[in-house]
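Participant: If you number the sequence shown the way our numbering does, the last residue is 298 and the count never jumps.
Hint data in this document are derived by calculation from the structure and do not stem from the laboratory.
Don't take every hint at face value.
Calculated pairs, DSS-like style, for lysine-lysine (alpha carbon to alpha carbon, straight line, at most 25 Å) [unchecked claim]:
1) K2 - K53
2) K189 - K224
3) K53 - K93
4) K5 - K53
5) K4 - K189
6) K262 - K25
7) K196 - K169
8) K262 - K295
9) K142 - K5
10) K222 - K189
11) K63 - K53
12) K194 - K169
13) K53 - K142
14) K194 - K2
15) K82 - K93
16) K93 - K142
17) K63 - K196
18) K2 - K25
19) K4 - K142
20) K194 - K224
21) K63 - K82
22) K25 - K5
23) K169 - K262
24) K196 - K224
25) K196 - K262
26) K2 - K189
27) K25 - K63
28) K4 - K53
29) K194 - K262
Label-pair ranges, simulated between beta-carbon atoms [claimed, not checked]:
30) N288 - S64: 36 to 46 Å
31) Q255 - E150: 33 to 43 Å
32) A271 - K189: 29 to 39 Å
33) N288 - V91: 41 to 51 Å
34) A172 - S64: 24 to 34 Å
35) Y286 - E198: 19 to 29 Å
36) G62 - R122: 21 to 31 Å
37) K224 - G62: 21 to 31 Å
38) L92 - G62: 34 to 44 Å
39) A281 - L89: 40 to 50 Å
Here the structure is a predicted model, which means the values were calculated and not measured.
Cβ coordinates follow ideal geometry from the N, Cα and C atoms, glycine included.
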Amino acid sequence: MKVKKITKAVFPVAGMGTRFLPATKSIPKEIMTLVDRPLIQYAIDEARAAGIKEFIFVTSRGKSALEDYFDVAPELESSLRKAGKKQLLEVLKATNMDSGAIAYVRQNRPMGLGHAVWCARRLIGDEPFAVLLPDDVIAAEKPCLQQMVEAYAETGGNMVATMEVAPEKTSAYGVLDIADDMGAIVRAKGMVEKPKAEDAPSNLAVIGRYILTPRVLNNLNKMKQGAGGEIQLTDAIAQEIGGDDSVYGFRFRGQRYDCGSKAGYLQATVAFGLARPDLQAEFSDYLNDIIGQQKAAQ
Numbered sequence: 001m002k003v004k005k006i007t008k009a010v011f012p013v014a015g016m017g018t019r020f021l022p023a024t025k026s027i028p029k030e031i032m033t034l035v036d037r038p039l040i041q042y043a044i045d046e047a048r049a050a051g052i053k054e055f056i057f058v059t060s061r062g063k064s065a066l067e068d069y070f071d072v073a074p075e076l077e078s079s080l081r082k083a084g085k086k087q088l089l090e091v092l093k094a095t096n097m098d099s100g101a102i103a104y105v106r107q108n109r110p111m112g113l114g115h116a117v118w119c120a121r122r123l124i125g126d127e128p129f130a131v132l133l134p135d136d137v138i139a140a141e142k143p144c145l146q147q148m149v150e151a152y153a154e155t156g157g158n159m160v161a162t163m164e165v166a167p168e169k170t171s172a173y174g175v176l177d178i179a180d181d182m183g184a185i186v187r188a189k190g191m192v193e194k195p196k197a198e199d200a201p202s203n204l205a206v207i208g209r210y211i212l213t214p215r216v217l218n219n220l221n222k223m224k225q226g227a228g229g230e231i232q233l234t235d236a237i238a239q240e241i242g243g244d245d246s247v248y249g250f251r252f253r254g255q256r257y258d259c260g261s262k263a264g265y266l267q268a269t270v271a272f273g274l275a276r277p278d279l280q281a282e283f284s285d286y287l288n289d290i291i292g293q294q295k296a297a298q
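Make a model of the complete structure from these sequences and hints.
Facilitator: Shown next, in the form of structure tokens:
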């Protein structure tokens, strides 16, 4: 199957991050770090690995630190160069983006994920595109979006990353109603946003990675409100089921961490810290000591 290459990605980063107050009073949530890299850097690196060339940020007031983060820092680079810190200079290079590679659009009021994506419609144009939610950090040998792009080359249409969740947690996700289960790829016959456990058609939940056709943007133009009174992206995707472009779920290989929650953020911090060769021994010893102290206290 011949499909258009995915070269554009949308990053909805307009949220206020209220679950992380007071830290997010002055710092965008996406700048918060896992070990020594901000959440947004993980998403950008994943997109780059999948072949993305154009990065579209949907922002809001108070997010200027995001723009500054991806800009060059001449004074800092000069200082590191004079100090002979070549390794740190290489680290900085990964944070720099070429002029024109990133575009920023404003979402001036919170109306849901679907509305955030719709705000980027003129920059997306008539091309398929990816959406990455930086809150969802995925540890994987092959980056999640890269896995999806490879699967998309075989299926075309619309594709959402999925994972199995406990039935009592379906009310926190969009959930697929499955028509055909082909292993890593499933074809959907329906999508339900945040269903109660007893109403969920499956336990296959949609998480924050999408490959979408421009027809989804046409559906978002209707500004139809869904769950929570917001314009839901899953509702717009669901309208494509049974049409010219099918909707597929993709069971990615990797571990997803919900860094939009405090517990998920802490879990990711531990996991990524232990995965670092330069930190693993010292950090592991510390955690073992803490566990030992807790057991002794009990």
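Participant: Hint by hint, note whether the structure agrees.
Facilitator: A quick look at each hint next to the structure:
no.	hint	in the structure
1	K2 - K53	holds (20 Å)
2	K189 - K224	holds (20 Å)
3	K53 - K93	holds (16 Å)
4	K5 - K53	holds (11 Å)
5	K4 - K189	holds (24 Å)
6	K262 - K25	holds (16 Å)
7	K196 - K169	holds (8 Å)
8	K262 - K295	holds (24 Å)
9	K142 - K5	holds (19 Å)
10	K222 - K189	holds (22 Å)
11	K63 - K53	holds (22 Å)
12	K194 - K169	holds (9 Å)
13	K53 - K142	holds (18 Å)
14	K194 - K2	violated (34 Å)
15	K82 - K93	holds (16 Å)
16	K93 - K142	holds (22 Å)
17	K63 - K196	violated (34 Å)
18	K2 - K25	violated (47 Å)
19	K4 - K142	holds (22 Å)
20	K194 - K224	holds (16 Å)
21	K63 - K82	violated (32 Å)
22	K25 - K5	violated (39 Å)
23	K169 - K262	holds (17 Å)
24	K196 - K224	holds (21 Å)
25	K196 - K262	holds (23 Å)
26	K2 - K189	holds (23 Å)
27	K25 - K63	holds (11 Å)
28	K4 - K53	holds (14 Å)
29	K194 - K262	holds (20 Å)
30	N288 - S64: 36 to 46 Å	holds (42 Å)
31	Q255 - E150: 33 to 43 Å	violated (19 Å)
32	A271 - K189: 29 to 39 Å	holds (35 Å)
33	N288 - V91: 41 to 51 Å	violated (29 Å)
34	A172 - S64: 24 to 34 Å	holds (31 Å)
35	Y286 - E198: 19 to 29 Å	violated (43 Å)
36	G62 - R122: 21 to 31 Å	holds (23 Å)
37	K224 - G62: 21 to 31 Å	holds (29 Å)
38	L92 - G62: 34 to 44 Å	violated (24 Å)
39	A281 - L89: 40 to 50 Å	violated (26 Å)
Checked against the numbered hints listed earlier, the structure breaks hints 14, 17, 18, 21, 22, 31, 33, 35, 38 and 39; every other hint is satisfied.
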